[in-house]
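Q: If you want my numbering, it's the position in the sequence shown, counting the first as 1, plus 306.
Hints listed in this document are in silico derivations from the structure and should not be mistaken for laboratory results. Careful: at least some of the hints might be erroneous.
[What the hints assert, rightly or not] Just the calculated beta-carbon pair ranges, DEER-fashion:
no. : residue 1 : residue 2 : range
1   : 328       : 418       : 26 to 36 Å
2   : 680       : 637       : 24 to 34 Å
3   : 426       : 632       : 38 to 48 Å
4   : 426       : 346       : 21 to 31 Å
Positions of the beta carbon are idealized from the N, C-alpha and C atoms, including for glycine.
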Amino acid sequence: MAQSEIDLTVYPDECDAFGHLNQAAFLSLFERARWEMLARGPGMNIFTLADAWPAVRKTAIDYHAPAFPGDVLRFQQSLIHHGRTSFTMRQTARRVRDDVLIATAEFVFVCVSRDGRPVPVPEVFGQFMAQPSRGAGHRLTVNGVGIATEVRGEGPPLVFIHGYPLSRLIWEPQLDRLAGVRRVAPDLRGLGLSDAPDLGYSMAIYADDLIALMDTLDIEQAVLCGLSMGGYVAFEVLRRARHRIRGLVLMSTRAEADSAEARRGRDAAALLVREQGAGAIADSMLPRMLGASTTATKPELVAQVRRLMAASPVAGIAGALTSMRDRSDSISMLPELGDIPTLIVAGAEDTMIPLDSARRMAQLIPGARFSIVPEAGHLVSLEQPEAVSTLLSEFLSTIP
Numbered sequence: 307m308a309q310s311e312i313d314l315t316v317y318p319d320e321c322d323a324f325g326h327l328n329q330a331a332f333l334s335l336f337e338r339a340r341w342e343m344l345a346r347g348p349g350m351n352i353f354t355l356a357d358a359w360p361a362v363r364k365t366a367i368d369y370h371a372p373a374f375p376g377d378v379l380r381f382q383q384s385l386i387h388h389g390r391t392s393f394t395m396r397q398t399a400r401r402v403r404d405d406v407l408i409a410t411a412e413f414v415f416v417c418v419s420r421d422g423r424p425v426p427v428p429e430v431f432g433q434f435m436a437q438p439s440r441g442a443g444h445r446l447t448v449n450g451v452g453i454a455t456e457v458r459g460e461g462p463p464l465v466f467i468h469g470y471p472l473s474r475l476i477w478e479p480q481l482d483r484l485a486g487v488r489r490v491a492p493d494l495r496g497l498g499l500s501d502a503p504d505l506g507y508s509m510a511i512y513a514d515d516l517i518a519l520m521d522t523l524d525i526e527q528a529v530l531c532g533l534s535m536g537g538y539v540a541f542e543v544l545r546r547a548r549h550r551i552r553g554l555v556l557m558s559t560r561a562e563a564d565s566a567e568a569r570r571g572r573d574a575a576a577l578l579v580r581e582q583g584a585g586a587i588a589d590s591m592l593p594r595m596l597g598a599s600t601t602a603t604k605p606e607l608v609a610q611v612r613r614l615m616a617a618s619p620v621a622g623i624a625g626a627l628t629s630m631r632d633r634s635d636s637i638s639m640l641p642e643l644g645d646i647p648t649l650i651v652a653g654a655e656d657t658m659i660p661l662d663s664a665r666r667m668a669q670l671i672p673g674a675r676f677s678i679v680p681e682a683g684h685l686v687s688l689e690q691p692e693a694v695s696t697l698l699s700e701f702l703s704t705i706p
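From just these sequences and the hints, can you work out the full model?
A: What follows is the structure in structure tokens.
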């Protein structure tokens with residue numbers, strides 16, 4: 307999922323009588339950002355050379371805050387769906403001076419010929435957009451491994467830890483929406499765009515990588531937000547460097563270790579990925595990864611999540627499975643976390659981790675907040691991005 311950052315200035319003639327950037331001008335700025343992205347890459351003639359034109363079929367825009375003359379807006383573009391003749395782009399606009407999210411938009415395009423017939427999306431466009439993030443991403447070496455990391459904004463640090471077999475892209479909506487905090491989202495070793503050695507995986511190693519990453523970024527303390535396996539990593543960071551944690555968000559996760567049956571399932575999955583590849587893991591997990599509401603109403607998100615899992619390196623998947631299989635039970639440490647502000651979030655339709663596990667954590671951690679997100683399964687951050695972002699923003703505002 308490629309991204310490109312384009313900075314554009316708001317001019318007076320683009321504003322209404324009250325000085326606000328108006329809707330029509332905003333559409334023009336979104337379009338200008340897309341063309342500028344292509345101009346800096348393969349060229350603005352990328353479609354005409356292929357005798358194809360990207361016609362807009364559908365547009366959805368959310369306006370979050372006003373913009374005024376002189377504001378510099380930073381536009382980020384990402385490709386979230388790529389079909390044979392159509393594609394979907396997601397764009398955000400943030401004000402540069404204070405990192406406030408101004409608007410988010412999604413555009414569905416269909417490539418057509420001069421006589422209006424659907425034609426394939428130019429191959430070079432797909433290749434360009436599939437390149438790694440250009441702008442907000444960093445590649446930092448910690449413990450001898452290259453860790454791809456996204457860093458946005460300024461303020462108290464919030465470190466996102468993704469689940470298995472995914473990447474930091476599951477936090478994209480929160481990276482866009484949250485303001486007033488320094489948002490850090492790494493790809494764990496072996497997943498996403500990070501290095502994927504064939505050996506060297508465990509919860510302890512993931513935690514050591516995360517602590518070393520914080521050191522590299524000069525982060526003394528942070529709020530940790532872990533989803534699923536990311537929650538297991540957060541527990542391990544607690545064991546090794548509790549003093550580095552200002553707050554804790556445990557999302558779609560549990561504190562119990564694997565049962566004997568679950569450990570056998572991890573071994574079977576490791577064998578499957580070694581023999582048949584990441585696509586086989588994606589196919590087996592997808593029905594349980596998302597809630598029934600998402601599966602029924604958001605086919606593009608279902609396809610996006612499958613692509614995300616199928617793109618994971620085999621070595622990283624196998625390493626994560628072994629790490630989860632051998633992780634320690636964390637139930638006994640929960641009553642000792644009363645001095646750390648904690649938020650527990652669960653999807654109402656999560657069939658992968660029972661709601662009872664989330665409730666149990668909330669009951670055992672003194673003072674913990676507990677929220678159930680409706681119409682969401684295991685990947686709550688993607689399935690209900692606005693609700694999760696609101697929960698995080700409200701929780702962060704309570705931490706001194």
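Q: Would you pick out the hints that fail for this structure and give their numbers low to high?
A: No numbers; nothing is violated.
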